[in-house]
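S.K.: Here is how the chains run, residue by residue.
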Amino acid sequence: MNGAPILIADDDELVRTMLVRVAEELSSDVVAVDSGTSAIAALRERAFALLVTDLRMPGASGVEVIEACRTLRPACRLVLLSGYADDAVVATVELAGASVLHKPFGAAALRELLEAQLAAAPAER
Amino acid sequence: MAAPSDGASVAAGLEIDSVDSAPASGHRLEQITEVLVRLAGGDFSARATRSYQGDPWDVLAYMVNATAEEVAFVIAQLREERRQLGEIRSQLIQAEKLAALGELAGGVAHELNQPLTAIQMLTELMLEHTEETIGSRRTDLELIQKASLRMGRIVSAVRTFGRGIQLDMRELSPRRPVDEALRLLAEPLRAAHIAVTVEEQPTLSRVVGNAESLQQVFINLLSNARDALSVLDEDNPREIEIALSEAAELVCIAITDSGPGIPEDIAPRIFDPFFSTKAVGHGSGLGLSISHGIIAEHGGTLRYEPTASGGARFVVELPAANEPPAPRGDRP
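Protein chains in written order, with this note's numbering: chain A, 366 to 490; chain B, 1029 to 1360.
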């Protein structure tokens, strides 16, 4: 467990709860928001080591959040959760350096991916 | 070639005198007239009998036959083109249906994926700690239950979406499903402090429709209006205005609310299946889509239009019943 800050964006309360639960196993600093717009606002406010965002959200989509993150926090690692994404979207965000996790997924798969991303994240400034 | 009897050119026509003077001219006139009548009736196989003598009657028969052939050819071509067009149109309809189905399937997959992810994660987390008792995992079990119930709701919403091809249609007053919807929603509307007014044009035709499905449409539209009005501050007026009118054999039911209206950028998507502005779990995103389908099945239209004051207006237009109101005693 470390304090690498993780930002979670998912509009689905149930899924968000689960994401937070797994993320909290890995970090003591987890922030969760329920829309793309709030995610971008949070990114503007402070730095995160890892962003985990859903694709389809009200306000701004996961792709828009990832684009904003690339500009605002270039060091932040990116994970996109996709339910029914077309390949073009996946290719776009993968090109931007994001990992994509397809729904539905289990706790172990998520934990493994988050761990790998945090291990690759640069030390907090 | 034999010259016309009075010396006029063939092209100049068949002067009555000369025609009449020809032997058996009455019979030939009758014959050609009969061919022309058959052609006019759409039988393009009709042909005049020719003598091949080059006399005016033969020339006339030749011209009639040539015209018939030309017309038959053009008509056949037109029929073929129309057939091809019909084929293309049905292919387009099929493609559109497939596209709608694909969209629906995509929406269903997305909606099911959320609770499915939660269930998969929860069960995995529980399996990681099999030493714990079931009782200590009560909250998790409740979350799983919640997620699976949600999946059930999605499935039944899809079932409703696909249903309704065979509706029992009867002639009814358009006011009836509106009143029925208002009666069912009376309590929630009152609780949200919403004032509802209904205006009806005095001579309103009846419509042919299914009372339950029309009622479902109005419940949906009124619930949406209620939800839109509920977010307003207490000092803003919370009003729903229902207006029933008729023009050009269309009965129009307009539901206008004093809410914030629908943002311009999302207005074109509101009738799409699974499109919802409500928080997850608070709307299937199928309400307007289903309502749109129901009204279309009634041969009518459902559209959204913003109001000048910024509120939302949904307009249902249904064809007026052809018959004047029945004088029978079964009026609702």
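Hint data in this document are derived by calculation from the structure and do not stem from the laboratory. Predicted, not measured: the structure shown is a model, and the values here were computed from it. There may be inaccurate statements among the hints.
Quick list of the computed label-pair ranges, beta carbon to beta carbon [said to hold, decoys possible]:
#1 A406/A x T1231/B: 32 to 42 Å
#2 R1165/B x A474/A: 14 to 24 Å
#3 E1115/B x V385/A: 49 to 59 Å
#4 R1165/B x R411/A: 42 to 52 Å
A few chain B residues that face chain A, going by a derived Cβ cut-off under 8 Å, partial list only [what the hints assert, rightly or not]:
#5 N1141
#6 Q1142
#7 P1143
#8 L1144
#9 A1146
#10 R1166
#11 T1167
#12 L1169
#13 L1171
#14 S1176
#15 G1180
A partial selection of chain A residues facing chain B, derived with a Cβ cut-off under 8 Å [stated by the list, open to error]:
#16 L379
#17 M383
#18 A406
#19 R409
#20 R421
#21 D452
#22 A456
#23 V465
#24 F470
#25 G471
#26 A472
#27 L475
#28 A481
Idealized CB from N, CA, C, for every residue including glycine.
S.K.: Minimum Cβ distance from L475/A to chain B below 8 Å?
M.R.: holds (7 Å)
S.K.: Holds or violated: is the Cβ of S1176/B closer than 8 Å to a Cβ in chain A?
M.R.: Constraint on S1176/B not satisfied, violated at 11 Å.
S.K.: Against chain A, is P1143/B within 8 Å by beta-carbon distance?
M.R.: holds (6 Å)
S.K.: Regarding the hint that A481/A lies at the interface with chain B, is the smallest CB-CB distance below 8 Å?
M.R.: violated (18 Å)
S.K.: Looking only at beta-carbon atoms, does the pair R1165/B, R411/A fall within the given range of 42 to 52 Å?
M.R.: At 34 Å between Cβs, range violated.
S.K.: Could you check the hint for me, namely that R1165/B and A474/A are 14 to 24 Å apart, CB to CB?
M.R.: With Cβ atoms ~21 Å apart, the hint holds.
S.K.: Are L1169/B and chain A close enough, Cβ to Cβ, to be under 8 Å, as the hint says?
M.R.: violated (14 Å)
S.K.: At a threshold of 8 Å, is the proposed contact between A1146/B and chain A supported by beta-carbon distances?
M.R.: holds (4 Å)
S.K.: Is the hint on A472/A kept, meaning its closest Cβ partner in chain B is under 8 Å away?
M.R.: holds (4 Å)
S.K.: Once the shortest beta carbon distance from V465/A to chain B is found, is it less than 8 Å?
M.R.: It is violated, given that the least Cβ distance between V465/A and chain B is near 14 Å, above 8 Å.
S.K.: Are E1115/B and V385/A spaced within 49 to 59 Å by their CB atoms?
M.R.: holds (56 Å)
S.K.: How about L379/A: closest beta carbon in chain B under 8 Å, or not?
M.R.: At 4 Å from the nearest chain B Cβ, L379/A passes the 8 Å test, so the hint holds.
Consistency with the previously given hints fails for numbers 1, 4, 10, 11, 12, 14, 15, 18, 19, 21, 22, 23 and 28, ordered from lowest to highest.
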